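Engineer: Each chain, written out:
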Amino acid sequence: MEEFLQQLTNGLAVGGIYALIALGYTMVYGVLRLINFAHGDLFTLGAYLGFTLLASFGLSGVIGGLAGAGLLVLMALIFVGLVGVMLERAAYRPLRNSDRLSAVVSALGASIFLQNAMMLLYGARPQVYPVRLLPTASFMLMGVEIPFTRVLLFSSSLALMFLLFWFINRTRVGAAIRAVAIDQGAAKLVGIDVNRIISLVFLIGPALGGAAGVMVGLYYGQITHDMGLNYGLKAFIAAILGGIGNIPGAMLGGLLLGVIEALGTAYFAVGWKDAFAFLVLILILIVRPTGLLGERVADKI
Amino acid sequence: MNNLLSLNNLIKSFGGLTAVAGVSFNVAEKSIVGLIGPNGAGKTTVFNLITGNYRPDSGNVIFARHDITKTPTHEIVSKGIARTFQTIRLFPEMTVLENVLAGCHCRMRAGVLASMFHTPAQRREERSAIEKAMRELAFVGLDDQYANLAKNLSYGNQRLLEVARALATEPRFLILDEPAGGMNDQETADLIGLIQAIRSRGIAVLLIEHDMHLVMQVCEKLVVLEYGAVIAEGTPAEIKANPLVIKAYLGSEELD
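Those protein sequences? They're chains A and B, same order as listed.
Counting with my numbering, you get residues 1090 to 1390 for the letters of the first sequence.
Counting with my numbering, you get residues 2 to 257 for the letters of the second sequence.
By construction, these hints were calculated from the structure, which means they are not laboratory data.
A quick note: this is a predicted structure, and the numbers were derived from the prediction, not measured.
Incorrect hints may appear among the rest.
[Claimed, not checked] Partial list, derived from the structure: chain A residues whose beta carbon lies under 7 angstroms from chain B:
(1) E1092
(2) R1261
(3) A1264
(4) A1265
(5) A1268
(6) I1271
(7) A1275
(8) K1277
(9) L1278
(10) V1279
(11) G1280
(12) I1281
(13) D1282
[Claimed, not checked] Restraint ranges, calculated between C-beta atoms of paired labels, are given here:
(14) A:A1248 with B:Q87: 41 to 47 angstroms
(15) A:V1193 with B:D58: 31 to 37 angstroms
(16) B:S7 with A:F1254: 43 to 49 angstroms
(17) A:S1191 with B:S59: 29 to 35 angstroms
(18) B:P39 with A:V1376: 48 to 54 angstroms
(19) A:G1159 with B:T88: 46 to 52 angstroms
(20) A:L1210 with B:F15: 46 to 52 angstroms
(21) A:F1251 with B:R136: 31 to 37 angstroms
(22) B:G23 with A:V1193: 40 to 46 angstroms
(23) A:L1374 with B:Q87: 35 to 41 angstroms
Every residue gets a Cβ at the ideal spot worked out from N, C-alpha and C, and that includes glycine.
This is chain A alone, in the form it adopts within the complex (with noise of 0.2 angstroms):
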């Protein structure tokens, strides 16, 4: 029982990393049918901002705990968010109207463009965020004893899921993204300027994984020039898990996803950790290839 509150816990701070990545897939594909592969490395690049921001710039010594956390991951949802913008101008919107393999080779150009460039400014070998900025503090649950900085990955995600939520159901703008991801042409004839929408997909889509990056840091402490193509992998697994195009199903898949890992490797063994996910994948595939909350037949990518 102790074993499996410790596991659960953990998957959940996981997951809930994993499910802020996703909704980046999920978004950019519902409104333009293509998944994003340098998503993971948007991911990375909020990780080595963080970083920077630490190591370069000193903001260790000026501000410290909490305050200095959050200030790291707003610094990246708004740099990351500019750049994923960047990156749709550059390798997705010259290639809107020609077919979809061009696009998906496009952003396996830009993934392994990303990844080379921030190897080359950070080298190879994997970077230590100087300072800890999260409390190292735990609290008793049932008896078991549960690391503070867990509860507060798992909320801080959950945070921002919700306001994304909120955002795209309870807002026009949200409603106008919706009726994007519907129709692009019925869309365009009521007004809606299909670009900036398209645009602002891909400003909240990384945003959410670079703030992820640095939450990554953060918790771990450690991180590498090529993390995005492991947590990418996963984060989609998560999102075609949930029915990817489906928001609440990208936050319902990481989530799950976290927890089937965490069990697995504490029941199974910690060198199988990869294979839960591809299994996860596989089974769903077969049994539900919509995902768990997705409705419409999957298009190929």
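Fit chain B to the supplied structure of chain A, relying on the hints for placement.
Structural biologist: Just chain B now, with coordinates in the frame of chain A:
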């Protein structure tokens, strides 16, 4: 009377097929004009050229003394042209009210940031948009359905919702592509009243319609297309008597 819309010698071909071969006609302010012709005559292509879905190979479209031939579709909408579709294109997974709100989008100023932070000005705007959307729903008679999903409406009501959504963009010119398609007699009769009510709000209407009874009753002017060219133009009475039209469009049958 002033011309609100002028089409000047529009030509559009797809591959080897010339769908629109030099179409010119005018729509006066606050008038109701019908565009008729046999299937495949190029009526819907003309609509798509006006709203910027297609770009003409040559010729131009003048709206309210501005050349809009090369204007992007969403800007054409904010200049005051709205339309409905031959095959219904609502946002099926959104509510009736949200569909109409989408139409209000281009008339609202508040940006993304204001929308995220829910500023007081933005909240006021959002509230007035909802009021406007409800007014348009009441205008077409769907205000009691506002919370339903668009896909659950009857076919005739979906057509009316498209009209309400188009009206929410505050157009000066409304294009209706076969609005009576799939409607029963009662609904068609109501539609005639609705089109006249739209005009009395100062909005010019251009419609494609196969229901000749509706067209003859509601339009002041008809334009007849055949093989992508205008073969006749005039009042319903003139068109009815035009031998060219009778021959081309109706064979030997009589128009009424």
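Engineer: Does each hint fit the structure? Answer for all of them.
Structural biologist: Status of each hint after checking the structure:
no.	hint	verdict
1	E1092	violated (41 angstroms)
2	R1261	holds (6 angstroms)
3	A1264	holds (5 angstroms)
4	A1265	holds (5 angstroms)
5	A1268	holds (5 angstroms)
6	I1271	holds (5 angstroms)
7	A1275	holds (4 angstroms)
8	K1277	holds (4 angstroms)
9	L1278	holds (6 angstroms)
10	V1279	holds (4 angstroms)
11	G1280	holds (3 angstroms)
12	I1281	holds (5 angstroms)
13	D1282	holds (5 angstroms)
14	A:A1248 with B:Q87: 41 to 47 angstroms	holds (46 angstroms)
15	A:V1193 with B:D58: 31 to 37 angstroms	holds (33 angstroms)
16	B:S7 with A:F1254: 43 to 49 angstroms	holds (48 angstroms)
17	A:S1191 with B:S59: 29 to 35 angstroms	holds (31 angstroms)
18	B:P39 with A:V1376: 48 to 54 angstroms	holds (51 angstroms)
19	A:G1159 with B:T88: 46 to 52 angstroms	holds (50 angstroms)
20	A:L1210 with B:F15: 46 to 52 angstroms	holds (50 angstroms)
21	A:F1251 with B:R136: 31 to 37 angstroms	holds (32 angstroms)
22	B:G23 with A:V1193: 40 to 46 angstroms	holds (42 angstroms)
23	A:L1374 with B:Q87: 35 to 41 angstroms	holds (38 angstroms)
Hint check: a violation occurs at hint 1 only; the rest are consistent with the structure.
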